[in-house]
Amino acid sequence: MLKFVRTRAVASLISLVGLLVMVFFLSRLTGDPAALFLPVEASAEMKEQFRELHGLNDPLLVQFTRYVGDVVTGDFGESLRKARPALDVVLEAFTWTLWLAVITMTLVAGAAIVVGSLAAFRAGGFFDRLASVISLIGASVPDFWIAIVAIVVFSVNLAWLPTSGTGSLLHWILPIAVLFIRPFGIIVQVVRGSMIGALSSAYVKTARAKGVKSGPIIFVHALRNAMLPVITVLGDQAASLLNGAVIVETIFGFPGVGKLMIDSILQRDFNVVLAAILVTALAIFLMNLLIDLAYALLDPRIRH
Amino acid sequence: MADHLLEVRNLSVEFHTAVGVVKAVRNISYHLDRGETLAILGESGSGKSVSSSAIMNLIDMPPGRISSGEILLDGVDLLTMPAHERRQVNGRRVAMIFQDPLSHLNPVYTVGWQIREALTTHGTAAAKAASEALRLLTRVGIPEPERSLGKYPHEFSGGQRQRVMIAMALALRPDLLIADEPTTALDVTVQAEVLALLEELQQETGMAILIITHDLGVVAEVADRVVVMEKGVLVETGTVREVYKNPQHPYTKKLIAAAPGKGDMHAPAARVEPVLSVHDVRKRYGSFEALKGISFDLMPGETMAVVGESGSGKSTLARILLRLDEPDSGKALWKGRDLFTMSPAELYKLRRDLQMVFQDPTQSLNPRMTVYQLISEAWVIHPDILPKARWRERVAELLMQVGLGPEHMGRYPHQFSGGQRQRIAIARALALEPQLIICDEAVSALDVSVQAQVIALLDKLRKEMSIAFIFIAHDLPVVRDFADHVMVMQKGNVVELGTVRDVFETPRQDYTRALLAAGLDPDPDVQAEHRAARLQRAS
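Line by line, the protein sequences give chains A and B.
Be aware that the first sequence starts at 1, since it is given in this note's numbering, and climbs by one per residue.
Be aware that the second sequence starts at 1, since it is given in this note's numbering, and climbs by one per residue.
These are computed hints drawn from the structure, not numbers from a lab.
Misleading hints may appear alongside valid ones.
As the list claims (entries may be wrong) - DMTMM-like, lysine to aspartate or glutamate: derived pairs with alpha carbons at most 25 Å apart:
| hint | chain 1 | residue 1 | chain 2 | residue 2 |
| --- | --- | --- | --- | --- |
| 1 | A | 3 | B | 43 |
| 2 | A | 213 | B | 338 |
| 3 | A | 205 | B | 441 |
| 4 | A | 47 | B | 236 |
| 5 | A | 205 | B | 181 |
| 6 | A | 3 | B | 155 |
| 7 | A | 213 | B | 236 |
| 8 | A | 205 | B | 100 |
| 9 | B | 151 | A | 299 |
| 10 | A | 205 | B | 43 |
| 11 | A | 213 | B | 100 |
| 12 | A | 205 | B | 175 |
| 13 | A | 82 | B | 7 |
| 14 | A | 213 | B | 43 |
| 15 | B | 23 | B | 236 |
| 16 | A | 213 | B | 70 |
| 17 | A | 205 | B | 264 |
| 18 | A | 205 | B | 236 |
Claimed, not checked - Selected chain A positions facing chain B (in silico; Cβ < 10 Å):
| hint | residue |
| --- | --- |
| 19 | 66 |
| 20 | 196 |
| 21 | 197 |
| 22 | 220 |
| 23 | 240 |
Don't be surprised by glycine CBs; every beta carbon is placed ideally from N, CA and C.
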């Protein structure tokens with residue numbers, strides 16, 4: 001088990017280093033930061049001064065070594081716009097996003113597993129058809145549209161909920177509800193398909209021959225076997241939320257990492273962009289490690 | 001009224017499918033008493049498992065429907081019982097074990113958990129269930145029972161898994177145990193052990209056993225009475241001896257006649273120049289030695305049967321001879337040239353001479369190709385064999401040769417029965433006019449009557465075209481009917497190699513004798529002698 005975790009962690013680390021290299025050189029490929037950062041009318045001296053200040057005149061490899069050295073010690077440089085360490089800015093935004101993702105995915109997982117399992121138990125029945133229609137709509141409707149409609153209905157017309165920003169628990173409801181819909185739609189379908197397979201398996205037949213009740217058959221015998229594909233998709237969906245639900249965060253003015261990234265790109269705040277990419281990447285690698293661990297916990301055959 | 005433990009009366013079950021209503025079981029009746037063993041004998045599609053599924057309430061409805069009949073357990077009809085009472089019957093009064101214990105045990109829970117669940121489901125306290133689980137696992141002969149409780153199904157061998165299933169089924173001492181092909185997937189020696197265990201447990205508990213099987217040998221070994229089924233209809237019933245010695249229905253007669261192991265044995269011709277000569281082939285996977293030095297010669301037109309239990313290395317040998325896997329050392333001279341050192345170009349030529357027929361024709365035939373495409377594909381790969389203008393004619397010839405017709409050319413594999421599919425696979429192998437065909441369990445998945453036909457076909461081809469066969473099988477009676485020479489393998493070694501008569505009539509090695517003794521004879525009298533001999537040896 002420990003060995004399993006170790007090999008996974010090493011593999012993740014290698015990918016992370018690769019990402020670091022790629023992010024650094026790609027950002028340099030977009031052009032001279034001095035030209036991008038300073039106003040168009042800036043003089044050549046100002047640009048030269050800027051380069052000198054940020055060490056941009058050194059050879060690229062020297063810059064890269066320095067960058068890696070800084071990153072390893074947790075120094076991502078200053079945010080050029082906010083005059084605070086870039087990492088602080090990113091971590092603050094990431095905390096918001098992390099909470100949003102954790103709450104949303106917990107609700108999605110719970111609801112989708114129950115709805116998908118019950119739909120599979122009576123496949124073709126009324127509840128199954130209802131669940132299929134709802135999940136298909138949920139998986140297909142674009143979230144920016146739902147977000148806007150939700151604001152119009154619940155904030156503007158009914159005036160039940162705030163339109164945007166943070167401050168109270170009420171502010172969380174609309175972003176979570178909007179982000180919930182798509183992954184819920186997708187995962188209900190995956191749970192249903194996987195559970196239909198598990199419920200028609202031979203070991204479920206054995207359980208029925210033992211006289212086990214329907215409840216334990218669905219939620220003890222079949223569900224654990226059906227969870228592997230579900231966890232994979234849950235992980236994918238959670239990753240896309242961790243990346244920052246860019247559109248939804250922007251619409252609701254939610255101060256998460258997605259909104260921060262868009263703002264920083266528009267403002268050419270490269271230190272923040274690089275820090276944001278690396279922090280979310282690290283978070284996604286950690287989450288994938290958790291998913292691998294969940295696999296091993298669920299299925300003893302993977303452990304060996 | 002309630003004089004029988006189980007009484008099935010006029011039971012009919014139908015399935016509503018896309019192609020219409022299939023009447024799986026039509027108006028069948030049988031009964032079973034305490035302490036008695038009843039066998040339901042039939043081939044695939046006979047409906048032999050359907051009535052037991054109805055007893056266990058395991059038929060999915062829809063698409064299934066019980067259209068008439070009663071299933072009385074101690075005089076009470078299970079089919080009209082309220083659902084919660086009905087569920088109390090399963091596991092407590094009637095229990096079931098299945099053919100493939102690996103897929104029938106839940107892979108993600110320990111066997112201890114699964115046995116305990118059988119008990120706690122019906123109200124046993126957790127502590128009592130834990131001690132009972134240990135007692136049961138010990139009783140069915142699982143080594144290190146205490147530690148085994150914490151193991152998962154994939155950590156056991158096939159025979160041990162079936163023992164675990166038995167422990168689980170018998171946890172609450174049911175009155176009736178239904179065993180659906182319980183030993184079909186097991187090696188002969190393991191089969192004998194599992195059947196013996198079932199009988200011992202029956203004597204201890206006085207339960208009745210309903211055993212569903214296609215194997216006359218199993219019937220002769222364990223059953224008191226037998227019910228023969230064909231296409232959903234009960235065609236004959238009686239004591240095992242009556243039915244075997246004096247069958248009334250033509251189907252029963254056919255089934256008994258088709259049982260392998262009764263014909264004349266081959267007398268191999270004098271040995272000349274071997275077509276294949278294998279020297280000291282070795283193969284290891286990590287620390288596991290799969291082959292520990294295998295040597296034999298094969299003459300043209302001769303059949304070499306390779307027998308052995310699972311793990312003996314017989315399939316590894318086949319894979320290596322086909323170069324699907326590389327040996328660690330050794331030589332295999334094909335007409336004097338070592339096929340292990342052949343270049344890809346030489347191998348391409350060799351493929352023409354060396355063909356393979358696999359166990360499961362459903363998987364080895366591409367479902368999206370017609371029979372014509374499947375057979376003529378060989379000539380697409382080896383275009384020099386036959387000009388394209390003659391392909392249709394030759395496919396028709398090959399189909400006739402294997403007992404099919406030219407009209408089958410445009411059809412797809414799923415439109416054929418299992419036996420017909422295996423004939424297509426054989427026709428495909430013949431398309432390249434090979435000199436050696438390796439058959440890996442090529443007839444094991446087929447019904448007895450079909451098996452006999454396929455064996456007869458292979459034997460005809462061997463004589464007419466002087467094709468040599470390497471015939472890998474675990475079924476000894478089939479080997480006895482078809483082989484010239486027999487090679488017995490155990491744990492990667494050749495333990496005995498000789499003519500079929502020598503191996504079957506005067507086996508020199510203990511392992512061969514044990515293997516032969518474990519085989520079941522369809523004749524109940526012969527089987528009774530075997531059994532007496534075995535018990536004598538044991539005591």
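Checklist entry - Hey, does the residue 240/A contact hint survive, CB to chain B under 10 Å? => result violated, 28 Å
Item to check | Agreement of residue 205/A and residue 100/B with the hint, judged by alpha carbon distance not exceeding 25 Å | outcome: holds, 12 Å
Checklist entry - Given the hint that residue 213/A pairs with residue 100/B, does the C-alpha gap stay at or below 25 Å? => result Distance of about 23 Å is within 25 Å: holds.
Checklist entry - Holds or violated: residue 151/B with residue 299/A, Cα cutoff 25 Å? => result holds, 13 Å
Next on the checklist: Can you verify the interface hint for residue 196/A: is its Cβ closer than 10 Å to any Cβ in chain B?
Outcome noted: violated, 12 Å
Checklist entry - Should the interface hint for residue 66/A be scored as holding, given a Cβ-Cβ cut-off of 10 Å against chain B? => result Because about 47 Å separates residue 66/A from the closest Cβ in chain B, which is outside the 10 Å limit, the hint is violated.
Checklist entry - If you draw a straight line from the CA of residue 213/A to the CA of residue 43/B, is it 25 Å or shorter? => result violated, 33 Å
Checklist entry - Regarding the pair residue 205/A and residue 441/B, is the alpha-carbon distance no greater than 25 Å? => result violated, 28 Å
Item to check | Holds or violated: residue 205/A to residue 264/B, with C-alpha atoms at most 25 Å apart | outcome: violated, 44 Å
Checklist entry - Given the proposed pairing of residue 213/A with residue 236/B, does the C-alpha separation stay at or below 25 Å? => result Roughly 38 Å separates the two Cα atoms, so the pair is violated.
Checklist entry - Holds or violated: are the alpha carbons of residue 23/B and residue 236/B at most 25 Å from each other? => result Between residue 23/B and residue 236/B the Cα gap is close to 19 Å, so the pair holds against 25 Å.
Next on the checklist: residue 205/A and residue 181/B were given as a pair; does the straight-line alpha-carbon distance stay at or below 25 Å?
Outcome noted: Within the cut-off at roughly 15 Å; holds.
This entry does not satisfy hints 1, 2, 3, 4, 7, 13, 14, 17, 18, 19, 20, 21, 23, going by the numbered hints stated previously.
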